[in-house]
Amino acid sequence: MHDIIKVMSLGKRFRDITAVDELSFTVNEGDVYGFLGQNGAGKSTTIRMLLTLIKPTHGHIEIFGLNLQSHRIEILKQVGAIIEKPDLYKYLSAYENLRLFAKLSGIKFLQKQLMRQLEMVGLQGREHDKVKTFSQGMKQRLGIAMSLVHDPKLIILDEPTNGLDPQGIADMRNLILHLSREMKKTIFVSSHLLNEIEHVATRVLIIDKGKKVIEGSSEELFDPSNTIVEIDSTNNFECLQLLQQSQWQQYLQPQRRHSVLLKMNRNQLPQLNKWLVENNVAVISFQPRYTLEDFFLQVTSGKQYVEAFTN
Amino acid sequence: MWKLLQIELYKIFNRPRTYIAFGAITALIAVIQLGLKADGEAYVDFIMSGLKDTFDFEGKILNGYLVCYVILQLLLVHVPLLISLIAADIISGEANMGTLRLLLTKPVSKTSFMLAKFFAASIYTFVLLLWIAVLALALSIFLFGTDDLIIQKTSYVVQITENDVFWRYVGAFCFAFLAMLTVTAVGFFLSIFAENSIGPIVATMSIIIVFTILSTMTIPVFQKIQPYLFTTHMVSWKEFFDEKVNDQNEVVKGSIQDPQKIIDSALILVLHIVILVFAGIFVFRKKDVLS
Numbered sequence: 410m411h412d413i414i415k416v417m418s419l420g421k422r423f424r425d426i427t428a429v430d431e432l433s434f435t436v437n438e439g440d441v442y443g444f445l446g447q448n449g450a451g452k453s454t455t456i457r458m459l460l461t462l463i464k465p466t467h468g469h470i471e472i473f474g475l476n477l478q479s480h481r482i483e484i485l486k487q488v489g490a491i492i493e494k495p496d497l498y499k500y501l502s503a504y505e506n507l508r509l510f511a512k513l514s515g516i517k518f519l520q521k522q523l524m525r526q527l528e529m530v531g532l533q534g535r536e537h538d539k540v541k542t543f544s545q546g547m548k549q550r551l552g553i554a555m556s557l558v559h560d561p562k563l564i565i566l567d568e569p570t571n572g573l574d575p576q577g578i579a580d581m582r583n584l585i586l587h588l589s590r591e592m593k594k595t596i597f598v599s600s601h602l603l604n605e606i607e608h609v610a611t612r613v614l615i616i617d618k619g620k621k622v623i624e625g626s627s628e629e630l631f632d633p634s635n636t637i638v639e640i641d642s643t644n645n646f647e648c649l650q651l652l653q654q655s656q657w658q659q660y661l662q663p664q665r666r667h668s669v670l671l672k673m674n675r676n677q678l679p680q681l682n683k684w685l686v687e688n689n690v691a692v693i694s695f696q697p698r699y700t701l702e703d704f705f706l707q708v709t710s711g712k713q714y715v716e717a718f719t720n
Numbered sequence: 209m210w211k212l213l214q215i216e217l218y219k220i221f222n223r224p225r226t227y228i229a230f231g232a233i234t235a236l237i238a239v240i241q242l243g244l245k246a247d248g249e250a251y252v253d254f255i256m257s258g259l260k261d262t263f264d265f266e267g268k269i270l271n272g273y274l275v276c277y278v279i280l281q282l283l284l285v286h287v288p289l290l291i292s293l294i295a296a297d298i299i300s301g302e303a304n305m306g307t308l309r310l311l312l313t314k315p316v317s318k319t320s321f322m323l324a325k326f327f328a329a330s331i332y333t334f335v336l337l338l339w340i341a342v343l344a345l346a347l348s349i350f351l352f353g354t355d356d357l358i359i360q361k362t363s364y365v366v367q368i369t370e371n372d373v374f375w376r377y378v379g380a381f382c383f384a385f386l387a388m389l390t391v392t393a394v395g396f397f398l399s400i401f402a403e404n405s406i407g408p409i410v411a412t413m414s415i416i417i418v419f420t421i422l423s424t425m426t427i428p429v430f431q432k433i434q435p436y437l438f439t440t441h442m443v444s445w446k447e448f449f450d451e452k453v454n455d456q457n458e459v460v461k462g463s464i465q466d467p468q469k470i471i472d473s474a475l476i477l478v479l480h481i482v483i484l485v486f487a488g489i490f491v492f493r494k495k496d497v498l499s
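Going down the list, the protein sequences come from chains Z and U. Each number in the working numbering comes from the position in the first sequence (counting from 1) with 409 added on. Each number in the working numbering comes from the position in the second sequence (counting from 1) with 208 added on.
Incorrect hints may have been included.
[Said to hold, decoys possible] Calculated lysine to aspartate or glutamate pairs in the EDC-like style (CA-CA distance at most 20 Å, straight line):
hint, chain 1, residue 1, chain 2, residue 2
1, U, K495, Z, D425
2, Z, K464, U, E403
3, U, K211, Z, E483
4, U, K452, U, E403
5, Z, K521, Z, E483
6, U, K318, Z, E483
In short, the hints are calculated from the structure, not lab data.
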């Protein structure tokens, strides 16, 4: 498997602020690489450095095995990108916008091909409408079409679901999966919304305050031995008392008002469930809660904010 | 580069804002022409009142050439303001719309991108000036006919024969294009530093207004800096309408009184353009795109 992106000791300072600090990571061919961090963690700055919009203060970036600074044009020919929300020429139609960016990408195209591209992102019938009449979701889809128009090998998406409604978010997730699985693209996608990355990413990098916190596959980051299960029953106090007097006592966690929390290996969950039924606990919900989001909050400073908020 | 230029021109001429300047120019010229058509003789009598006692004037003083001269004198001061609407918006407008970052993720060199932007703004300036020429010269000739051009300068009167006028207008418009291109370069340079177009447009207009005032004030301290202000040289198009006089005090037909002044002014304007464009490219290549 080839390295598509190789970032070494990347750093960026804006006067007294260090936006990115000694960041190193590698994206392999075929990866859907989730780039996670809170707002202000340095995700957009990193992406802008990958796209040569910002000059790094130090460090080195290679894309497709080429030095980004010296092979900028050669590299960008094979990269499609959306940075935050795609702002387009509002006074032009969807088709005109797409044609303009297709020309800029340096490809030869037919009207039919562009129309097909617009159809792929669900803009059929609106091709000749001015972009100023489009919703944010439609602009986002047009942005996707524009980033794909030259059939790039690498797609860089910076917060692609920003401003989208739930249907738009689901559509974006499906599109990322389609691009990765069917079209064999390498995708680098940043987000602060973890659940959307969790479902699509093959590898994940979490950054906080410009620094790498952890990098690994979703499976590696999802540690089944630390699964938190949240139980809600008709009488949580009675449920808690029963658990305190049982073999499950060792797994109990600091409690919340409206549920009972336990931390254990994922394999033990069926046994616990069975035990609750046998002891006549009327369970309303039984939710294993160890997701990437919990992990993310645990490893980033977000945890402090969440705790401060919930306390 | 050619492809980039085509794209830039496509964007400029598809924007409604582009046509504000054309609309404003058309309205202004139409108002002046209508006014002169309705009451032009009274206007000519007024400006020639001091001369009519000494000289006999024959033929049509109020002709297309004079109308065009009046229009240019009134209008060329204001055209920079209209040019800055496009030139000062050319980069900052893209930053404001968020399209700048999208454009720069495409495989185009930043230098070519900037040159295409400047050339596109220059073409816009040229088309605008061509439109002024069509309305101010061609339409005035159609409405008022032609005759000798009589212009009253500060201390003398210039009479240019009918068949010696047209080429002077061609020269004057070419020079005016160079002057307006300097304004384009100022707007283009300032537009790099902002992320919305209001700032650079106002800054360009302010520079033009302040420099024009400084260029015209006859206060000794300002007169020292006047040769270095581009606005001082922007009005040198008027030199095309001054004829040389020989030792016998006769007008040399087809001559210009001080061609060197035109050449010097043109060179100073070209120098301004080159410095501003290359400084703009240099700054832009170093700049982080944060919009």
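Verification of the supplied hints:
{"no.": "1", "hint": "U:K495 to Z:D425", "in the structure": "holds (18 Å)"}
{"no.": "2", "hint": "Z:K464 to U:E403", "in the structure": "holds (18 Å)"}
{"no.": "3", "hint": "U:K211 to Z:E483", "in the structure": "holds (17 Å)"}
{"no.": "4", "hint": "U:K452 to U:E403", "in the structure": "violated (50 Å)"}
{"no.": "5", "hint": "Z:K521 to Z:E483", "in the structure": "violated (27 Å)"}
{"no.": "6", "hint": "U:K318 to Z:E483", "in the structure": "holds (14 Å)"}
Hint check: violations occur at hints 4, 5; the rest are consistent with the structure.
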